[in-house]
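Quick note, the sequence shown lines up with residues -12 to 422 if you use my numbering.
Please keep in mind that the hints were generated in silico from the structure rather than gathered at the bench. Among the hints, erroneous ones may be present.
[What the hints assert, rightly or not] Below, simulated BS3-like cross-link-like pairs (lysine-lysine); rule was C-alpha separation at most 25 Å, straight line: (1) K109 / K64; (2) K350 / K364; (3) K161 / K192; (4) K129 / K159.
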Amino acid sequence: MVIPNIIKNRPLYVQRAFIKEFDRIFENSGSAVMAFESATQIVRAFEQKADPIIQTLQKSIVFSGEIAELDSDLLPKEILEQVKQSDPHPFFAVYKIGKDGLSVGEKIRKIWSFGAIKELAKKIKDYAADIIDGHTAGSEVKPKLGHVVWSYTKNVGKSLYSYAVAHITDDKTKERIKSGELDLCSVEGEVEFSKQNGKDWFIDKVINITKLALANSKIDKPGFADAGLVTTIQELESKGNDEMPGENKVENISVYEVKVAIEKLNLKPTDLFRNADLLEADSVKKHIESEVEKVKTEKQKEIDAVVKKLEPLEAKERSTKLSGFVDKSPLLTDKPAKLREYIKDKISMLDVKDADDSAITSKVDDFVKKQLDDVTKYGLKFGDDGDEQEDEQDEKNNTNTDGNRSTANKKSTGKVDRKDPIAMADPSVNDNIPD
-12 MVIPNIIKNR PLYVQRAFIK EFDRIFENSG SAVMAFESAT QIVRAFEQKA DPIIQTLQKS
48 IVFSGEIAEL DSDLLPKEIL EQVKQSDPHP FFAVYKIGKD GLSVGEKIRK IWSFGAIKEL
108 AKKIKDYAAD IIDGHTAGSE VKPKLGHVVW SYTKNVGKSL YSYAVAHITD DKTKERIKSG
168 ELDLCSVEGE VEFSKQNGKD WFIDKVINIT KLALANSKID KPGFADAGLV TTIQELESKG
228 NDEMPGENKV ENISVYEVKV AIEKLNLKPT DLFRNADLLE ADSVKKHIES EVEKVKTEKQ
288 KEIDAVVKKL EPLEAKERST KLSGFVDKSP LLTDKPAKLR EYIKDKISML DVKDADDSAI
348 TSKVDDFVKK QLDDVTKYGL KFGDDGDEQE DEQDEKNNTN TDGNRSTANK KSTGKVDRKD
408 PIAMADPSVN DNIPD
């Protein structure tokens, strides 16, 4: 996995924090730019905690990439264009040159205020300080390895730091910086200072800064704590007309930087991949399958609702159809009409789905035969039309002169009105009442 340039030389725990934050924000927002900015803030937060590991890294190369991706405070575009007029593919090194507080250059303890640090940054830029190898001694003249083209200050925690951006023109010096050999720096210039507490000298004014001396931290010690190389920057150079600038560096681009580029260029997946490739991606397949299942579930709900509405109609249609088969059954030819109606009521739930007329006839006859067996077994009586008049006469005979029903008559005739509460209160009729 390619690590983003911004964390390439950071400790493993910083890299993990960056990646975790990027993935979290990207998952929630869908914006790679927002995720990259948030993850970068995590890295800066580690730096502001003055972690000793981070402090060590601030003396080494921590960034190498295209100048176009850098913050405008680091090197404004117009300054870059000016430099490129004489050097089409410039190499820059960013050095931390001072911070508020104590410096001990030339064995003299000097106190730098915020104002003095701001002046330091301004003067080294105004005088375009020369880059040299080591401090000068007396009237010694050293070769110019480049010069300062820009400077700025930055609050880190409760401290104010000043930085200088050096345009390195000497090829050997470029390699020494890249290798980490020239990882320290120290400024040369004129300042006014005064002793205010009998021990330390306070910087009152920065008159000029004319040189930035580079050195090796294994040999020399800086006047300011942590003064040294922070960043190197080099515009990438193409190797031929058929290559885009930086094409030979594509293997060093991380997936996080690719996501940011895609968002900034407003590219769609179809701009980068074929439709066939997109459909073969496991995540796309799973998403499509999930959406298909959702549609199927919704459609099934609609179908079930329609089926439920049709159930009463289907039941009525089935009952009507089965009633016709009951009327045609030879088993009921000489049976009372009330018995046929009784069987029709019970046969309505008979399952004859997808059966042809022959199969239905067979099923109906089997059902009718069973019902007739039950009628015989339980002694159920179904009178014909002539019996209705006899039932009416029995009803009259079973009523006393005072209007009460005679349970004795009902018992003798064997006919009991189960809906009659008086009759059902007689233990001789209702088996549920003990004698």
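Exercise for the section: For the pair supplied as a hint, K350 and K364, confirm whether the alpha-carbon distance does not exceed 25 Å. Expected result: Holds - the C-alpha atoms of K364 and K350 are around 21 Å apart, at most 25 Å.
Exercise for the section: Would you mind confirming whether the straight-line C-alpha gap from K129 to K159 stays at or under 25 Å? Expected result: holds (15 Å)
Handout entry: Given pair status - K192, K161, alpha carbons within 25 Å
Key = This hinted pair is violated, its Cα atoms lying about 33 Å apart.
Practice task
Given the hint that K109 pairs with K64, test it: the Cα-Cα distance must not exceed 25 Å.
Solution key: Within the cut-off at roughly 18 Å; holds.
In summary, the one numbered hint that this structure violates is 3.
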